[in-house]
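Chemist: Single-letter residue listing:
There are 2 protein chains.
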Amino acid sequence: MRPNKRDELVRKALQVFYRDGFHATGMDRLVVETGVSKTSMYKHFRTKEELILAVLRLRDENFRNWFVRRIEELADTPADQLLAAFDALGEWFREDNFRGCMFIKAGAEYQDPDHPIHVQAGEHKRLLLEYFTDLCRKAGAQDPEKLACQLLLLKEGAIVTAVLLHNCDPARDAKEAAAVLLKNALA
Amino acid sequence: MRPNKRDELVRKALQVFYRDGFHATGMDRLVVETGVSKTSMYKHFRTKEELILAVLRLRDENFRNWFVRRIEELADTPADQLLAAFDALGEWFREDNFRGCMFIKAGAEYQDPDHPIHVQAGEHKRLLLEYFTDLCRKAGAQDPEKLACQLLLLKEGAIVTAVLLHNCDPARDAKEAAAVLLKNALA
DNA sequence: GAAATAGTTGACCGATCTGTACACTTTCTC
DNA sequence: GAGAAAGTGTACAGATCGGTCAACTATTTC
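Protein chains in written order, with my numbering: chain A, 153 to 339; chain B, 153 to 339.
Take these hints with a grain of salt, some might be off.
Where chains are identical, the list cannot tell them apart; a pair therefore holds if satisfied intra-copy or between any two copies.
[What the hints assert, rightly or not] With a straight-line Cα cutoff of 35 Å, these simulated DSBU-like cross-link-like pairs (lysine-lysine) come out:
id	residue 1	residue 2
1	LYS164	LYS195
2	LYS190	LYS164
3	LYS327	LYS298
4	LYS157	LYS200
5	LYS327	LYS164
6	LYS327	LYS290
Quick caveat, the hints were computed from the structure, so don't treat them as lab data.
My request is simple: use the sequences and hints to build the entire structure.
Modeler: Here it is, written out as structure tokens:
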């Protein structure tokens with residue numbers, strides 16, 4: 153079979169987990185929704201947890217690829233790209249099936265800091281922080297680490313707010329705040 | 153019975169749900185951990201969902217009471233209080249059993265925007281935004297609504313980051329960012 | 001002191017949970 | 001074309017899920 157069944161399983165499981173949550177989605181559910189037999193699932197992944205970890209790896213890859221590419225489409229200089237990040241977020245928020253950040257949700261459902269799923273969710277945020285830090289450095293910020301962390305706060309806050317408060321536009325507010333912080337950090 | 157058993161049930165259920173999550177906590181678990189019989193539980197609350205809603209009401213009351221009181225202890229003027237909010241957050245993050253924001257987690261586990269639990273989680277954020285807006289107005293900000301929303305983004309982002317990234321100090325970074333935004337909004 | 005109220009125990013319901021066993025079929029590779 | 005690899009369906013195990021039931025005991029209230 154050319155397009156690996158295993159990958160397709162992970163791809164579809166991602167959709168279901170993203171839409172309905174981890175604990176709320178049973179393996180029987182995945183059998184129905186993915187069309188992959190239970191036996192095959194447990195041949196590829198020994199436990200549900202392993203499947204979730206694979207799903208998170210795919211999500212991390214997909215999201216960061218999309219995010220970085222979209223930002224580079226929207227702006228050229230590092231400083232403009234840092235602001236464009238929030239335009240990209242705004243586009244994401246407006247998607248029909250936007251359901252928040254999968255890693256925030258993973259961290260919320262698996263709260264033990266040592267749990268592999270929690271650790272992997274943290275890793276995603278760390279990689280994003282690294283990306284921001286790189287852009288901040290290229291933009292010439294005085295303290296790139298600090299500015300990057302602050303912009304990450306705005307991004308995470310915008311996601312949470314987009315999920316819970318439907319009558320405001322967090323991406324716009326976050327972008328304006330980012331502009332103020334950026335200007336201040338370059339002065 | 154003087155100290156209402158029902159309130160005690162809600163109080164203890166809050167602890168368990170906060171520590172372990174909603175879906176991950178079964179009613180049998182609550183029977184063991186709270187010492188309240190299952191029959192009594194279902195006499196007070198017809199479903200698990202109703203119990204969770206009661207828990208969220210208590211949490212909203214507890215958290216906002218603590219937050220506002222602590223802020224007023226730490227600072228006098230509205231502008232200083234807006235910054236002190238992030239000192240209060242930092243204290244919360246350093247508590248041993250800090251497990252993030254219960255309402256973010258509730259929204260993450262009950263994702264349907266129309267679900268009562270999701271709605272109630274959003275209500276908590278709306279009330280916090282109102283509080284911030286009031287302080288921003290008293291502080292003399294040019295656009296109190298916008299500034300309040302931006303500070304809320306920093307707060308929510310700091311919480312998420314405190315949960316997922318353990319090797320940085322989001323409360324401090326958020327406070328510094330808030331100071332920049334506040335100064336900019338007062339000019 | 002009778003009645004209502006709030007609480008208890010413990011067994012139980014059907015559904016669903018993660019995970020396994022077994023016998024079978026398709027598909028790729030050499 | 002044979003064997004390995006990857007897939008299938010179905011039934012099942014044991015635990016746990018949310019929720020109910022009947023029979024009983026304190027406590028309060030009038």
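Chemist: All hints, please: hold or fail.
Modeler: Evaluation of the provided hints:
1. LYS164 - LYS195: within (17 Å within a copy, 41 Å between copies)
2. LYS190 - LYS164: within (14 Å within a copy, 38 Å between copies)
3. LYS327 - LYS298: both (17 Å within a copy, 12 Å between copies)
4. LYS157 - LYS200: within (17 Å within a copy, 38 Å between copies)
5. LYS327 - LYS164: within (33 Å within a copy, 41 Å between copies)
6. LYS327 - LYS290: The answer is both: 19 Å in one copy and 24 Å across copies each meet 35 Å.
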